[in-house]
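Chemist: Residues per chain, in single letters:
2 protein chains.
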Amino acid sequence: MQVGELPTPALLVDAALLEHNLTTMARALGGRLRPHVKAHKCTALARRQAEAGATTFTCATIREVEGMAARGLGEDLLLANEVLDATRLGRLKARVTVAVDSEATVLAAARAGVREVLIDVDVGLPRCGCPPEEASRLARLARTRGLTVRGVMGYEGHAVGIPDRNLRAELTEQAMSILVAAHAEVGGEVISAGGTGTYDLNPWASEIQAGSYALMDTAYARLDLPFRQALSILATVISVSPRGHAVLDCGLKALGMDHGKPELAGDHEVLLVSDEHLTFLPRGRVQVGDRLRVLPAHVDPTVAYHERMHLVDGERVIETWEVDLRGW
Amino acid sequence: MQVGELPTPALLVDAALLEHNLTTMARALGGRLRPHVKAHKCTALARRQAEAGATTFTCATIREVEGMAARGLGEDLLLANEVLDATRLGRLKARVTVAVDSEATVLAAARAGVREVLIDVDVGLPRCGCPPEEASRLARLARTRGLTVRGVMGYEGHAVGIPDRNLRAELTEQAMSILVAAHAEVGGEVISAGGTGTYDLNPWASEIQAGSYALMDTAYARLDLPFRQALSILATVISVSPRGHAVLDCGLKALGMDHGKPELAGDHEVLLVSDEHLTFLPRGRVQVGDRLRVLPAHVDPTVAYHERMHLVDGERVIETWEVDLRGW
Chain A
1 MQVGELPTPA LLVDAALLEH NLTTMARALG GRLRPHVKAH KCTALARRQA EAGATTFTCA
61 TIREVEGMAA RGLGEDLLLA NEVLDATRLG RLKARVTVAV DSEATVLAAA RAGVREVLID
121 VDVGLPRCGC PPEEASRLAR LARTRGLTVR GVMGYEGHAV GIPDRNLRAE LTEQAMSILV
181 AAHAEVGGEV ISAGGTGTYD LNPWASEIQA GSYALMDTAY ARLDLPFRQA LSILATVISV
241 SPRGHAVLDC GLKALGMDHG KPELAGDHEV LLVSDEHLTF LPRGRVQVGD RLRVLPAHVD
301 PTVAYHERMH LVDGERVIET WEVDLRGW
Chain B
1 MQVGELPTPA LLVDAALLEH NLTTMARALG GRLRPHVKAH KCTALARRQA EAGATTFTCA
61 TIREVEGMAA RGLGEDLLLA NEVLDATRLG RLKARVTVAV DSEATVLAAA RAGVREVLID
121 VDVGLPRCGC PPEEASRLAR LARTRGLTVR GVMGYEGHAV GIPDRNLRAE LTEQAMSILV
181 AAHAEVGGEV ISAGGTGTYD LNPWASEIQA GSYALMDTAY ARLDLPFRQA LSILATVISV
241 SPRGHAVLDC GLKALGMDHG KPELAGDHEV LLVSDEHLTF LPRGRVQVGD RLRVLPAHVD
301 PTVAYHERMH LVDGERVIET WEVDLRGW
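Chains as they are written, first to last, in this note's numbering: chain A, 1 to 328; chain B, 1 to 328.
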């Protein structure tokens, strides 16, 4: 099939750029990479990451863990998130480790028959994670309940997106000094942390939970990273106004908007995004029926709107992948 | 089933508030209401709108038209949007009218075997719609190609969300003076326009394309409308920090963010929304396992993330509806 035959809006993945991203990250981190599937929610893409060397994966939802296990990618799955009803995890035929940061989440894991946990430590991002001084107490509680504590986790999410590399490195070091200290109390082999923005700035973590590097977005593209924007949304010009603007069939239900408006290849200026439309100011002439590429500002909530993504080589569609890890 | 048994995040629809909204709108507009299904993307909810008196519906995508037709709701479906490949519409066993605003879209409709069109006129919103002076030429072209021109359409989307009622009314009147003039040139019985914010301010339109009124959101709740927020997202507190914040399992993949952050019932302050988390500052004590209601800022892109919505009466789940019109 040709790209020109796809109904729009359609999620496109440039095969060569994806390959570049996967290879670049695999070379940089080797076995320390634990790719985060939340960014793409696609087991076919996860399989490519496995082919590039990954044997462990990170998930954000129970559905992601289930989907990865069902596709034979369950050798070592980390649910890097807190859950209170872990019943579905306990049933899986896969190695599942879950993050815990409170008595309630430790007890939920034990009750559900989950076997392994990481103690999730607050390293500065105002989100999940226990206070560092609580980590050893939770680890003891978990061991008392028969759980294996594999180590600690702590996400420096307040650092990963900072454009200034020195500041990003400094915040990462501060965060990891907290995590390393907690690890000394907790024990185990794992110090799980990191993201695409800090993948080469975090030597303290034994594994890096990077996700965005595979597909990338305009927010991460502003950083000094070697990864390229492999993801775009193919859209059709459905209207051109003599007032100067034109309209694409790619709106709020095809795009995560929390990081702001998307960009357009070809330097057209995005004016307005509404439910099923993107209004833009063309640079140069466009006409009804033209097809343009929209570059999303945030990959994760963008992909989560789409049923499938198309792997393309120029104008040729090589494969179509289901975005099969959506929902909860 | 009880609400407490639902896995979270879960989309909840308060049955009494939905009923209030449907009844209030039906009383106000009667047969002039052409409900827009893009806001809820759910044929079960559309059926409730039909039971409240609607015989015509508005859609934004081909998938929505197909889904409505497949469920026997195809008595009079308007695709209020431009499409260049209308093949799937031409095949449907339903009455389908499509908006056109250019030669290309007229020809696409004719080629696909669509029978009826509305001439979409630019009434001020920078989006689709032909210049008013082009409307009669397009209508002639459409008739030459064997299409029935039912009339005109023009969406005053730049007016519907304005909090000041007088200004909203003024902008609506300006927009509709353009549309009424174009209608005089085009002919036909239909003047299709309007939205939830202008439902009672637009006597010029023969039909009103309101969608948000059924479920509502915090953006529309700021207006002086008689509709109530029937939609919320049930979420679980998964982490509580001694630093003062707490975390819900409802993030960017459960929420449209283009209108800004959601609100929380109970007056808690939303601080930060990330992929699968909402960090908030609790007013009063919350603990891990508590369940709260998140009120989205924009209903349409929120619903489009969810596979289903649960109709609830207090703590009882009455029905579960598939959000079956998602995608394209």
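Worth double-checking, as some hints may not be accurate.
[What the hints assert, rightly or not] Beyond 12 Å from chain A on every Cβ pair, some chain B residues (computed):
hint : residue
1    : Met1
2    : Glu5
3    : Lys41
4    : Glu64
5    : Arg115
6    : Leu223
7    : Leu225
8    : Ala246
9    : Ala254
10   : Ala265
11   : Glu315
12   : Arg316
[To be verified] With the Cβ distance kept under 8 Å, some of the chain B side facing chain A (calculated, not the full set):
hint : residue
13   : Pro9
14   : Val270
15   : Asp300
Just so you know, these hints were derived from the structure itself, not from any lab.
Note that beta-carbon positions come from the ideal geometry of N, C-alpha and C, so glycine has one too.
Chemist: Each hint should be assessed against the structure and marked as holding or not.
Modeler: A quick look at each hint next to the structure:
| no. | hint | in the structure |
| --- | --- | --- |
| 1 | Met1 | 14 Å, holds |
| 2 | Glu5 | 10 Å, violated |
| 3 | Lys41 | 9 Å, violated |
| 4 | Glu64 | 10 Å, violated |
| 5 | Arg115 | 20 Å, holds |
| 6 | Leu223 | 18 Å, holds |
| 7 | Leu225 | 19 Å, holds |
| 8 | Ala246 | 10 Å, violated |
| 9 | Ala254 | 8 Å, violated |
| 10 | Ala265 | 20 Å, holds |
| 11 | Glu315 | 18 Å, holds |
| 12 | Arg316 | 20 Å, holds |
| 13 | Pro9 | 6 Å, holds |
| 14 | Val270 | 12 Å, violated |
| 15 | Asp300 | 5 Å, holds |
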